[in-house]
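Protein chains: 4
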Amino acid sequence: MADDLSKRKLRMAQIGGGPGAFIGAVHRMGAQMDGQIELAAGAFSSDPAKSKRMAAELYLDPARVYGSWEEMLKAEAAKPEDERIDIVSIVTPNHMHFAPAKMALGFGFNVVMDKPMTITSAEARELKAVVNKSGKVFALTHTYTGYPMVKLARDLVKQGKIGKVRKIVAEYSQGWLYQAFERSGDNKQAEWRTDPARAGAGALGDIGTHAANLSETVTGLKIVELSADVSTFVSGRPIDDDANLLVHWEGGVKGVLHVSQIAVGEENEISLRVYGDAGAIEWKHAECETLLLRHPDKPVELWRRAWGYAGAASACAAANTRTPTNHPEGLIEAFANIYMNAARAIRELAAGKARDAVRFDFPTVDDGLRGMLFIEAALKSSKEGGKWTKVGG
Amino acid sequence: MADDLSKRKLRMAQIGGGPGAFIGAVHRMGAQMDGQIELAAGAFSSDPAKSKRMAAELYLDPARVYGSWEEMLKAEAAKPEDERIDIVSIVTPNHMHFAPAKMALGFGFNVVMDKPMTITSAEARELKAVVNKSGKVFALTHTYTGYPMVKLARDLVKQGKIGKVRKIVAEYSQGWLYQAFERSGDNKQAEWRTDPARAGAGALGDIGTHAANLSETVTGLKIVELSADVSTFVSGRPIDDDANLLVHWEGGVKGVLHVSQIAVGEENEISLRVYGDAGAIEWKHAECETLLLRHPDKPVELWRRAWGYAGAASACAAANTRTPTNHPEGLIEAFANIYMNAARAIRELAAGKARDAVRFDFPTVDDGLRGMLFIEAALKSSKEGGKWTKVGG
Amino acid sequence: MADDLSKRKLRMAQIGGGPGAFIGAVHRMGAQMDGQIELAAGAFSSDPAKSKRMAAELYLDPARVYGSWEEMLKAEAAKPEDERIDIVSIVTPNHMHFAPAKMALGFGFNVVMDKPMTITSAEARELKAVVNKSGKVFALTHTYTGYPMVKLARDLVKQGKIGKVRKIVAEYSQGWLYQAFERSGDNKQAEWRTDPARAGAGALGDIGTHAANLSETVTGLKIVELSADVSTFVSGRPIDDDANLLVHWEGGVKGVLHVSQIAVGEENEISLRVYGDAGAIEWKHAECETLLLRHPDKPVELWRRAWGYAGAASACAAANTRTPTNHPEGLIEAFANIYMNAARAIRELAAGKARDAVRFDFPTVDDGLRGMLFIEAALKSSKEGGKWTKVGG
Amino acid sequence: MADDLSKRKLRMAQIGGGPGAFIGAVHRMGAQMDGQIELAAGAFSSDPAKSKRMAAELYLDPARVYGSWEEMLKAEAAKPEDERIDIVSIVTPNHMHFAPAKMALGFGFNVVMDKPMTITSAEARELKAVVNKSGKVFALTHTYTGYPMVKLARDLVKQGKIGKVRKIVAEYSQGWLYQAFERSGDNKQAEWRTDPARAGAGALGDIGTHAANLSETVTGLKIVELSADVSTFVSGRPIDDDANLLVHWEGGVKGVLHVSQIAVGEENEISLRVYGDAGAIEWKHAECETLLLRHPDKPVELWRRAWGYAGAASACAAANTRTPTNHPEGLIEAFANIYMNAARAIRELAAGKARDAVRFDFPTVDDGLRGMLFIEAALKSSKEGGKWTKVGG
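Those sequence lines, one after another, are chains A, B, C and D.
Quick note: the first sequence, position 312, residue 311 per numbering that gives the first Met the number 0, numbers continuous.
Quick note: the second sequence, position 214, residue 213 per numbering that gives the first Met the number 0, numbers continuous.
Quick note: the third sequence, position 4, residue 3 per numbering that gives the first Met the number 0, numbers continuous.
Quick note: the fourth sequence, position 325, residue 324 per numbering that gives the first Met the number 0, numbers continuous.
No lab work stands behind these hints, which were simulated from the structure alone.
Heads up, a few of these hints could be off.
Unchecked claim - Keeping only pairs whose Cα atoms sit at most 30 Å apart, straight-line, the calculated DSS-like set for lysine-lysine is:
1) A:K163 <-> A:K253
2) B:K160 <-> A:K73
3) C:K253 <-> C:K297
4) A:K283 <-> B:K101
5) B:K6 <-> A:K352
6) C:K187 <-> B:K253
7) B:K157 <-> B:K297
8) C:K379 <-> B:K163
9) C:K6 <-> C:K221
10) A:K297 <-> C:K379
11) B:K101 <-> B:K297
12) C:K132 <-> C:K160
13) C:K221 <-> C:K132
14) A:K382 <-> D:K352
Using the sequences plus the hints, can you model the full thing?
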């Protein structure tokens, strides 16, 4: 009898996410929140001992903890269909995204992966081809687009609530790298994220792609060209930690996008404002359950998650909500939305639904490629004195 | 070989939480978030068909879905130690709290239960005796005390940061029952929560106990006496939907506690302010990641979750945190904290740690009894024209 | 030729407001802001030297600075009509309200006076009779009702935007008297405001009357009865510094009103929430330019001062506005509104308009009497163990 | 006997500010708020009838209402010293700034003028020379620097509270010109402010100079160069209505400055964030009484106006404050601060104090010139495809 995905939880393996990592645990919590996915295997670290230690903490079957991701993917692929994993969750540093993703897809596994997608746009283009050929689901965790109020924002813009878009202000400000913590010896996150070999870009890659993706997702408008002023403020740091950009989106839309890792005292302040010719929307991570809708001459509207009116305006926002109003949801739930939607797509495809009929309500390989093109254009523009540079031209 | 709880996930059964229920799913998500507990059995509804349907959605082993909670508890108790459940999660309407909790504890299971604990203080006193006799863990989901910033508030008060407490303002305002939705025919929540037979009290029980518990937890001061003005604003409703109280806490502390289910347009606005003779703290659910600390003549301090300084002031706040700053956490994580702490206590007790040495960092049966005494005093005072009435005197 | 008030600024004398006073200067700035009123005379202090010093700072004609208010009122009354003052601004401590107001009105002067109106309700009743007999304008500076957004709130409630009112939460929290600053020797404000002989009541009089007046003004509903818990937290203080009240307004409206001068770290936090059966409004002094309008199931509306839509809903709000949106207005402008509206009424009466046709858009002697009745009921209730007590019954 | 300015109010004449104007009334209210200055003369409109009408509303002596500003300046200059005006307040459209200012200074009058200072930097340079030669006071109403919390911000930065400045984010967003209201026939403000002949620049001049001035004032760092993307979004409008800039300030500071008049739904949202290597400050007009001070790892501090601690950190902030905490002050008070400080400087100079010893705590002709250089650099850069362009190089 064929393995029926509608009758069981999907089985997930994780690559990365070992002791001391941050995002791996968030992926696991998000993936398992809705009871649709269970962690079944892992190669949590390039150090097998660490991987085992992590597995024990997670009460994972020791037989399915592997010394390396290659070993895991091969071993799992060799298992019978009703045992082997369905999904590979890739949460390694950026330079270790491409190879495992490619192999996993090659073996017919679905992939959920952290961003930025790769180290170069060349890798990104190749991965896109691999995904398309595989027929599998590939989700990229641009988490902020997992928030219900961001989905609502997108739907309100699509419905014309703010008219034709004119101006965008996108920002992501952090302060956690305001000093050279990468040289403190005990900050793994800071180490790899400021290492060009492992991270590719710095602020541009880690948070710039989030801000760019948020702007494109909510408005449906792609960044056409940009003029960038990319900086490294911390002395001796070999990678960018701040970037200010003038941006042109499709349709004559203009605006700014600025990101920083040295905005001392800031937390994870990603925000988006979109001004149309008939209204404006504003979303801030710090108040992620609220969406502001501004009008030319009516009271400002505070849209709040989980009310009937919000669901009436965006079925998608309603479908990505778990608790009543002001029973706050947050980042883990936003991750859970990406996994939940990926799981649904996987189940639907497995059940034979046509790819065209499946809703991919999560960032895909196309978003991943856009991110790499954004990074490369920004670095090029800045190097050339802020010259206006096409994105992916 | 003895079953070693340190080597496996704890197994949980749920009573209640069937299709259409809200809080059952939140309990399940919270319980499973950290990978410490797995759902292993369920009697999700008094209707066995509904229970089975729920189980299928959860991919639960059909053999462990039961037609009734009595059946489940007996069957699970009869299983060998290394198979049977460890925890019973009780999320039924209030009138169905006492009996299953008593039986579960009698069989040696640990219990996590929704509030208010029982329908009468007599039941509550009996349950307290049962818990004490059982030697098991009993946790009551006064969820708001699961928030890290509430734990921080408690610790700051304990450390004397605001001096001697003088005044408290506690509030819980909702608007969801501003009309008689219980008569609409399709609102199960409204139906049972406004039915005296199933809910006991209305606003006083559902949210009044939360506000009272929050005030006692944060300050460590018990409510001594109160003067209540309890109302039913919705015509024909057989239960209270609003209550305003003058309150005296231990140590000469005075203040107000007001709750409402007819505060139309409000979400789940629970908040607490505590004024001492040297400072004040303020916490609001709508900004659950922030704690305000006010000083006599220094800038107001916005304490935020997950910073080093917050962890330095409260190890407990740090231990109940999963994501970095402004990667918001919310209600499900607050539930997860109660389950996580209960799971730790269960594991420690199972490992032979003395009960006195185990930290019960969650609301217990004592909080549950306090809640029932609070409800009864408030109803009595209001009936007697607002006469000052001792709580549990 | 008769003195034509339409052709000149109104002339104002001030009683009180000498060096070191706070509210006197605010009255002067508010009175003169719109160019309708000019300061023409003064008895700023019971100490003539201080009065002269103040007058010099204000570049006032030395001939019109007086050694006492009696002297001033008599001297000004003796001047020819086209020279003498039109308005007396009384900003003395409370015990010095009644006598000068009575004499000023007796001489045919209009009066703008600080609150609370008197020391006893007997004085208040007498003053009411004096005002009525005088045919003059008497305005009491319950300043918060001078804010445009409070006027808007009143008009929205009147228009039925929130349906039938059910519940009110009124608050005024301050922290400035959290210690015995009245014994520091250099805090005049603290001294007289905590002296029963000069202030009458403490927190109840100084800020309780503001909260009560705000609730009655916005809803148009009078306080019927109350149950009070009045306290003195600072040891040795001979007057109340905190009060918590359960309140019933006309029409079956219930709620709480709590005020404090020992809410350490709080500024001048007066706020009002009114819940109807179809919506709710919320106004907070800390965000005085915003009015929240909540709906059962629509986005929360943030009404902001000076927009077209706000003026369309409340001509009165528009008429009490001086700057465009988010060019903030504040307390001085709220005072200016009371003076501006009083000046208009004075001019209209002087021009022969019938009293009934004149709009008194400011707190009057009736509000002043209500305040005294409120204070007395609260003190009586608290003394009698919180017994429900009629206000002015 | 010589005219002694210490013994009387300063006499002010206003040029502009006739019926329908907005900013003229704000200047008058600000100027007269503190009783230091009185309106004594006016040429409120180029239409003498309108000017007279305005004067009547202001109860101004008809003999001192003039048909034109030239007439007024000459007539006043011809009056004896103890009658003639001391200050000229110029509130005309931008193209009418230079000539009256030059003439007024030439006659020995002090000038307070609205911004931007002139139409060209050439005019600005000439005016600077005129001011310097005159020995008189010239104040430019970059109002936002009149707010006490902005003065506090400047002082905290100066004291090193945020370390060495690294990044600045400056913004001024409005929505009031999101459509072509200048063609509606009844919006004078929109008409002249979008007319290149009268306004010079559009958004850049009206609000861009405010944002630029705010950044330079608070940090003490001048803008060195910029790369601009200046736009006109409203079809047919002959002037800029939006501008996004990358900016370099002195000392290697980088950041963005963006302004808009088509940010529909926005009010007058000017804000400034300054990130140093040891902390950060943030001020927003919408919460003008609060200054945020962020630290690397301490609670965020909310500094509030009028507390003792704020005055201890900035005597200047304290000196520019009129009411206690949370008795809000706003725009008119910010204007009043500029006039109050200008009046003090005028009195001190008149009393013979050396110019070097006088504190000019208001924007001066130097700020005005900086503004013109900023506008010209931005327009040039944008025209040249965003080329990095020196400001005033």
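How the hints compare with the structure:
Note on K163 of chain A and K253 of chain A: the hinted pairing holds, with a Cα-Cα distance of about 12 Å set against a maximum of 30 Å. Between K160 of chain B and K73 of chain A the CA atoms are separated by roughly 58 Å; this puts the pair beyond 30 Å, and the hint is violated. About 25 Å separates the Cα atoms of K253 of chain C and K297 of chain C, which keeps this hinted pair within 30 Å; it holds. At most 30 Å may separate the alpha-carbon atoms for a hinted pair to count; K283 of chain A and K101 of chain B exceed this at roughly 47 Å.
In summary, the hint linking K6 of chain B to K352 of chain A is not supported, as the alpha carbons are separated by about 41 Å, beyond the 30 Å threshold. Between the alpha carbons of K187 of chain C and K253 of chain B the distance comes to roughly 28 Å, so the proposed pair stays at or under 30 Å and holds. Note on K157 of chain B and K297 of chain B: the hinted pairing holds, with a Cα-Cα distance of about 21 Å set against a maximum of 30 Å. With a C-alpha separation of about 29 Å, the suggested pair K379 of chain C and K163 of chain B falls inside the 30 Å cut-off, and the hint holds.
Note on K6 of chain C and K221 of chain C: the hinted pairing is violated, with a Cα-Cα distance of about 40 Å set against a maximum of 30 Å. Taken as a hint, the K297 of chain A and K379 of chain C pair is broken in the structure, with Cα atoms around 47 Å apart against an allowance of 30 Å. For a cut-off of 30 Å, the pair hint linking K101 of chain B to K297 of chain B is broken: about 51 Å separates their Cα positions. For the hint linking K132 of chain C to K160 of chain C, the alpha-carbon distance of about 38 Å lies beyond 30 Å, and the restraint is violated.
Distance restraint check for K221 of chain C and K132 of chain C: the Cα-Cα separation of roughly 25 Å lies within the 30 Å cut-off, and the hinted pair is therefore satisfied. A hinted pair counts as satisfied when its Cα atoms are at most 30 Å apart, and K382 of chain A with K352 of chain D does not qualify at roughly 53 Å.
Checked against the numbered hints listed earlier, the structure breaks hints 2, 4, 5, 9, 10, 11, 12 and 14; every other hint is satisfied.
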